[in-house]
Each structure stands twice: as C-alpha cells, then as structure tokens.
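One line per chain: the protein sequences are A and B, in this order.
To convert a position in the first sequence, counted from 1, into the working numbering, add 1.
To convert a position in the second sequence, counted from 1, into the working numbering, add 745.
Quick caveat, the hints were computed from the structure, so don't treat them as lab data.
All residues carry an ideal CB built from backbone N, CA and C; glycine is no exception.
Warning: the hint list may mix true and false statements.
Stated by the list, open to error - Straight line, CA to CA, 16 Å or less: simulated EDC-like cross-link-like pairs of lysine to aspartate or glutamate: (1) LYS871/B / ASP104/A; (2) LYS1196/B / ASP1161/B; (3) LYS1145/B / GLU1172/B; (4) LYS1297/B / GLU1172/B; (5) LYS1317/B / ASP1278/B; (6) LYS49/A / GLU130/A; (7) LYS1096/B / ASP1111/B; (8) LYS871/B / ASP101/A; (9) LYS1402/B / ASP70/A; (10) LYS40/A / ASP57/A; (11) LYS871/B / ASP70/A; (12) LYS1297/B / ASP1091/B; (13) LYS817/B / ASP853/B; (14) LYS1317/B / ASP1161/B; (15) LYS1062/B / GLU994/B; (16) LYS103/A / ASP1161/B; (17) LYS1402/B / ASP104/A; (18) LYS1168/B / ASP1278/B.
Stated by the list, open to error - Label pairs and their computed distance ranges (CB to CB): (19) ASN1114/B / ALA102/A: 53 to 59 Å; (20) THR80/A / LYS912/B: 40 to 46 Å; (21) ARG998/B / ARG47/A: 32 to 38 Å; (22) ASP77/A / ASP798/B: 53 to 59 Å.
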Amino acid sequence: MDRLRASLTVGCCSALLLSVAIASGQSASSGVFSAEQAKHGQSIFRAKCGACHGEDLDGGQEAPALKGDAFWSEWDQQTARALYSRIISTMPPDGPGTLDAKDVIDLVAFIAHQNGVPQGTKAIENANELNNIKLQRPK
Amino acid sequence: MQSVRSSVGLSLGLTIGIIAAIAQQPAKIVEWRTYGSDKAFTRYSPLDQINRDNVKNLRVVWTRPAVDPLIKDQFPDLSPSNYFRGTPIMLNGVLYAPNGVGLMEAFDGATGKTKWVQQPVEPTLKEAAGQSTRGVAYWQKGNQERLVSVRGEYMYSLDLKTGFPDKNFGDNGRVFLRRPTPDEAPYFGWPGPFIVNDVIVIGGNGGGKASGGYGDGGMDPKAKPEDIRGFDIYTGKLLWTFHILPTPEEPGRDTWGKGSAEYVGNMAAWASLTADEQLGYVYVPLTAPTASHYGGHRPGKNLYSNSIVCLNVKDGKLVWYYQLIHHDLWEYDAATPPVLADLNVDGKKIKAVIASNKTGFLYVFDRTNGQPVWPIEERPVPKSTVPGEEAYPTQPFPTKPPPYDRQGFSESDLIDFTPELHKQALEIASHYAMGPLYTPPMVRSDEPDGKRGTLVLPGGWGSGNWNTSAFDPETNMYYAVSMTQGGSYGIVRNPDAENPMLYGLLDRPRNQQGQQNGAQAAPPRQVSPLNIDGLPIWKPPYGRVTAYDMNKGTIVWMAANGDGPRNHPLLKGLNLPPLGNTGRPAPMLTKTLLFVGDSSDAVMGQAGIAGPAKLRAFDKATGKVIAELDLPVGTTGGPMTYMTNGKEYIVVPVGGKGYGAGWIAFALP
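Chain A with its partners taken away, still in its complex shape (with noise of 0.2 Å):
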C-alpha cells in the first residue's frame, strides 16, 4: 500500500494545525474524496448530524466532537472504511439505519477533510474503497 503524507493547514487557530497521512492506493496530488463528494456531505451532515455533533463539528451535549484531537483521538489509525461501519450502524440515534451507503461516504469525505484530508477530482463510490485509505494523526 503506497502511503502518501499531506500536511496542512486548517483555519487560523494554530491549535488546528493538521497533516494527515494517508495510505491509500490513489494519488497523493489527488486526494482521495472528490470536492463534490464532500460538499454533499456537508449538506448531509447539516440535515442529519449538525443538531447534536455542532454544524462546525466541535460537538455537543450529548455528542462528540467529529475534528481536532477529539476526532483524532479516536480515528487516529484507523481506516476511512471504520468511520463508515459506525456512521451507518448507529447514526442518527433516533434512526440508525436510515442513512443510505452513498451518503455516508459523503460524510466520511466531509468529515475527513475537515480533518484535513485533502480533496481531490475522483469521487469514491463504493465503501470498499474506503478500506484501504488510512487516516493517520499528524506527527
């Protein structure tokens, strides 16, 4: 699996300072969600996740933040695919199930590149090509 390693800058807060490395088997220049991909997940993500997890995902009373150390404490490693299996087994809490397959990768690429993944032009339309993209807590 070749890897690729992006650092990046997201917002102004230098808390917010990100690079994430990516193992995946497309392009480093490309990224690995296309931009369309996660601006329809943004839309997802408002309809259905920004009332709990924060519209700017820094969470909620009742739900974690999804960017920052809060996401990458916990995603830290783990495959893009991971982050899919639990969105669309247990999200939204009043309708787990109700999220289509198409959906949830858009939201993963949403929440990804607000981790600071960075987009590329080829969109990802099946899940199993989420199991080989890596997302890994910048060093």
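Got chain A; can you put chain B on it based on the hints?
For chain B alone, kept in the frame of chain A given last:
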C-alpha cells in the same frame, strides 16, 4: 424487592443457532430483576459477599463486547457506539441486556458466554443498525415470562429462553411506536420499557425530530408532545394515552398562553419510570418544553412540563401531579428516576417518592396522594428582562432536604485556589450577569462592555440526571451522584420575523461549559469559555456523591468522586484533595458499599474521562473511598450485581476511545 432463589433448577433452553444449553443452577441465586434493581429504582442489592473488607481484591473475571461476535460476523459494518448504555438484568443466573445496537442478548452470569442473541427482523445491515438502550423489562405471571425491549421505533416481546419474538404480541412480536401525530413524529428513546402489573408503560421521545430536532435549545418552538402510553403485555395493544400537554377538553390546557398549546411539544420522560405495583401507580418524571430558554410565546405554567406525574396504570388517569419548575427557562428537566422509599419521618411511616431534577433539589412526596413530606414553598424569583418574556413569578423550593449541588451564581462560587486564579475568574464572570437560582436568561449584548448572558449553576447539563439516584431501603439513605457544571444563557433576537419565538439560543448551552479532567476546552461560538486553561471558574467538587438520611431529610456526608483537575498545571504545588470528575456515572448499592465509576467521555462528549478510569467503592456509611478498581475506559451505564452459583458478581457497561464498548464483570478470586 430482590428475588432470592435457592437451588433453582432450570430447564434446558432452546436455541436459535447461536446458543448453548442453559446450565443447571445448583447454588444460591440473588437476582437483579430490573435495570434499576427493582421497580422502586433503588439500584440496591442486599448482597454482602463483596464487602468493605475484601472489595480491594476484586478481579475482572470476564468481559464481553457490546455486540456478540456472531452478529458482528454476520454484519461486518456493525460498529456500535462507545456510548453503551445497557445495564443487564439477571434472572436465574442469566443476564439479559440490550447490546450495542439494541438487540437483546442473553449470557451466562458466571462466564459471560452467549446463550442467545436476538436476530434483526431482516438479515440486513439496515435492520441490524441501532443504538443501545438503558435496559430491558421482565414480566412474569405464573409460568409465563417475557422480555420486553424497545429498539428504534419498535417495542419487542421476546421469549426468555430463546430470544424469539412472541407472535401473539403486536405484529409478529413487535409494536410500532410512532405516535399518531399529523406528521407522524418518529419515536425514539433510551429508557426502554417499564412494566407495571400487566401494562407496559412507554415514555421516551419522539416529538421533536419531525419538527427540526429533539433538543431543547434553538429557536424552533414547534414539536410534538411526547405522551405516555400504556400497552397490554399479552397483545401489545394500546390501552391508554396520557397527554402530557392537555387536550382542549382536559384541565391544564389554559396553562399554555397565546395558543402555544397548538404547536409546542417535547417534555418526554427521559429517565426510567418507577412504580408501586400494590397501589397500581406509575411515577413519571417529565422534562422541559420545546426550546426551553425562551417562553414568551408560551406564557403560563406550561403543564405538565417539568412535573412528576402519578398515573393509575389501569387506565392512565392522572392520580396526582406536582410541577417542579413552572415555565422552564433553564432546561431543568426532571431527568432522574422518581425513587420509591418507605420512610419513617417523625415517627410516621410514609410511602414516599423522591423526585429530582437538574436543579439539585430532592422533592419528597407521599406517593399515595402527592402531598409534600416536608413543605415545598412557592418563593418569588427574579423577573426576566427579555422582551416578551413573562418568567413565572414564583418557583417551588423544598424546605427539606438541602440540595445536593451548587445553586445560583455569585462571586463566592468562583474559584479561589490562588488570588491570581480568583482574579481571572472574576474577570471572566464580569462579562456576565449573576444571580440566585432561577435567574432568567438575558439578551446577549454585543457591546464591548455589555453582558454576554446570565451565568447559571447548574447549567443545562444539570447537576442531577438519569444517573443520579440510589436508595438503601434498609437504612433509608439516599445517594445523589451529581456534576457541578455551570453555564451561561445569552439569548438573541430570532432573525425569523414570522416566528412566534421572538428570542432564543443560537447554539445549545453545550459550548458554554467549563472543561476539566484535563480535557481541552472547545472554544464556544457565542461566549467566552467559562474556564481558565480548562479549569472551571466555579468551585469544586466537579463530580460528587451526597448521602442523605431520608428519615430526617438531612445530609450525612458528601464526597468528591475522583481526582478531577487536582493535578492541573495551574494548581501545581497546592496539594489539593480530590476535586471530582465530571460526567454521568450511575451508582449501585450493596449491603456495605456504594459503587460509583468514572463516567466515560462517550456519554456526554465534552465531560467525563477519556481513557483508563476507575470503578470506585465507597463505604456507604461514611463516604470514604475503600477501593478503586481499574477500568480500561469509563462507565457508560449503571453497574449491577447478582449472585449465581454462590458467587457475587458486579457487571458494568463501559465504552470509550481506543477500547470500544462492552461489559466487564468483577468477582472475588
């Protein structure tokens, strides 16, 4: 209350392909029949094999993942949440509990090994997906036995021996719980079902999703009332509905001014119900109405929000009620199980019910008629300054017992570990208004020297919640587990000119909390954080246990639960005592001990423990910590205990990052 069986022989169980035969149970058995131990929700067991002399010797004897591996193999994408709520019940040596996705599992109490697992109605991931609930309900009459669970929008009746659905119940073993509202507001809830005699009583939520979210914040006043319903145990047929927002024909409708009763909602029973089966009464704790921080569109008391209601379980008729908060503006839900207690007050025996809510008060009533055991006074409270708001002029104040946590916010509540820290806390607090309990939210000022809101203690996360209560029926001691967590309410004008809710919170109070336990503070979007480098500006303990003598209505002891931020860099060299961990750990009582764990941060997102945690054993008479048992991550549900084969076990659900979720069982070597 506890069922003690000796030398109970069990017939061999049937299987669904996952199963093992149920072993004989030759030795003494002490059960745990509801997830709160009993229908009084005492969380108490008379067991004393594990006691103050040997509790330090407890060892982990088995663990079990939140979802049985056989189900996980069937659905590889099944990945349960770390917020694993299920406290098992134990019957005849077998534990029954909702798993990490809400399917029922039965497993051996001595080994943790699987007996059966409920199958989803269709072999698809869509049907297997789910969330855990707090527990399952058990029913027995003669030789008939059932397990009743709630999963998603369905209530299931299952055979105790096999996990197969009871085909005579509802539609092939399940009942669709969606309420018959015009827009079919979906149902969901964590508490699970509660069975009283032959009636299944369902609280839970479901009024909000169809109208924009089930929370209490925001600016959308539209929701559906989350009514209480009774169902027949044999058929699943709906028997009755208690309208928690009175219909036009029922008394109390006039407590909702400006026609708000037409469109407001929520007010669900989030916590477990309790029941006196001899009286045939069920006790229901109700929560805040929609968008609780502004009520200009709903002038009046707003019945039955924030009330404890007593219903006759035969017909769902109201026996009595007591509203604990009028016209809630603080989200002070009655989210604690109303514990039943037979008290002896001034020589008089009283069948009591002990209610609580997020304020930290205990409200004690004669459960037969709703009369307060000690006077509850209606006292004047501050007026609102928000345009259009008519804060209720009085609120109920129990004269006894004293509250179990801080109430109201004044300078004396600000930390003073060092003069410099006190100065910094004062500076942060100076940007807010302070006042006693029930000081209303205020309009946030954007001026440089303006006030950003009202500081409140407790905040919207409460002090008390579903986890708070335990009661010892032998000593009549009540134990309140609480969190000291302030907040601020600075509300803003609703940009929607057509909305009857003129003001509201742009965000929930979630981002206005202080942080401790070393957690990094999330910068709030509307106000400055109420902490100094993660150290709350209000005084500790941040997580505590308060023990009451309920015959006298007095506090016997109070102890911090865990170290909290005592090792925070800003407190270096101060040699402070334990400051208490935040979160929502649930207690469990035995003959001599009180067990309270650390709460996992999976429970609340921004409170609780991340990583390794403790299950703490207190001497229940003194509050002294006798032992701290290691847990890989914090607790996510209540502990329970039982005896099988003559051996006492303690089982607790845990969950957290880096570990996942599951049950952990302790016993003596």
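Hint check:
1. For the suggested pair LYS871/B and ASP104/A, the alpha carbons sit about 14 Å apart, so the restraint of at most 16 Å is met.
2. Taking the CA atoms of LYS1196/B and ASP1161/B, the gap is near 23 Å; set against the 16 Å cutoff, the hint is violated.
3. At roughly 35 Å between alpha-carbon atoms, LYS1145/B and GLU1172/B are farther apart than 16 Å, so this suggested pair is violated.
4. For the suggested pair LYS1297/B and GLU1172/B, the alpha carbons sit about 41 Å apart, so the restraint of at most 16 Å is broken.
5. Our distance criterion of 16 Å between C-alpha atoms is met by LYS1317/B and ASP1278/B, whose separation comes to about 14 Å.
6. Simply put, LYS49/A and GLU130/A have alpha-carbon atoms about 24 Å apart, too far for the 16 Å limit, and the pair is violated.
7. Annotation: proposed proximity of LYS1096/B to ASP1111/B holds, straight-line Cα distance about 6 Å (limit 16 Å).
8. In summary, the hint linking LYS871/B to ASP101/A is supported, as the alpha carbons are separated by about 9 Å, within the 16 Å threshold.
9. For the suggested pair LYS1402/B and ASP70/A, the alpha carbons sit about 12 Å apart, so the restraint of at most 16 Å is met.
10. Under the criterion of a C-alpha separation no larger than 16 Å, the hint pairing LYS40/A with ASP57/A is consistent with the structure, at around 14 Å.
11. With a CA separation close to 31 Å, the supplied pair LYS871/B and ASP70/A exceeds the 16 Å bound.
12. As the CA atoms of LYS1297/B and ASP1091/B are separated by approximately 8 Å, the hinted pair is consistent with the 16 Å bound.
13. For a cut-off of 16 Å, the pair hint linking LYS817/B to ASP853/B is broken: about 19 Å separates their Cα positions.
14. Distance hint between LYS1317/B and ASP1161/B is fulfilled; the C-alpha atoms sit about 14 Å from each other, no more than 16 Å.
15. For the given pair, LYS1062/B sits about 14 Å from GLU994/B by alpha-carbon distance, which is consistent with the 16 Å threshold.
16. Taken as a hint, the LYS103/A and ASP1161/B pair is broken in the structure, with Cα atoms around 53 Å apart against an allowance of 16 Å.
17. With a C-alpha separation of about 25 Å, the suggested pairing of LYS1402/B with ASP104/A is violated against the 16 Å cut-off.
18. Between LYS1168/B and ASP1278/B the alpha-carbon distance is near 14 Å, which keeps this suggested pair within the 16 Å criterion.
19. Take ASN1114/B and ALA102/A: their Cβ atoms lie about 56 Å apart, and the range 53 to 59 Å holds.
20. In this structure the supplied range 40 to 46 Å holds for THR80/A paired with LYS912/B, their Cβ-Cβ distance being about 41 Å.
21. A hinted range of 32 to 38 Å holds for the C-beta pair ARG998/B and ARG47/A, which are about 36 Å apart.
22. Range check, ASP77/A to ASP798/B: Cβ separation about 43 Å, and the 53 to 59 Å hint is violated.
Comparing the model with each earlier hint shows violations of hints 2, 3, 4, 6, 11, 13, 16, 17, 22; every other hint is respected.
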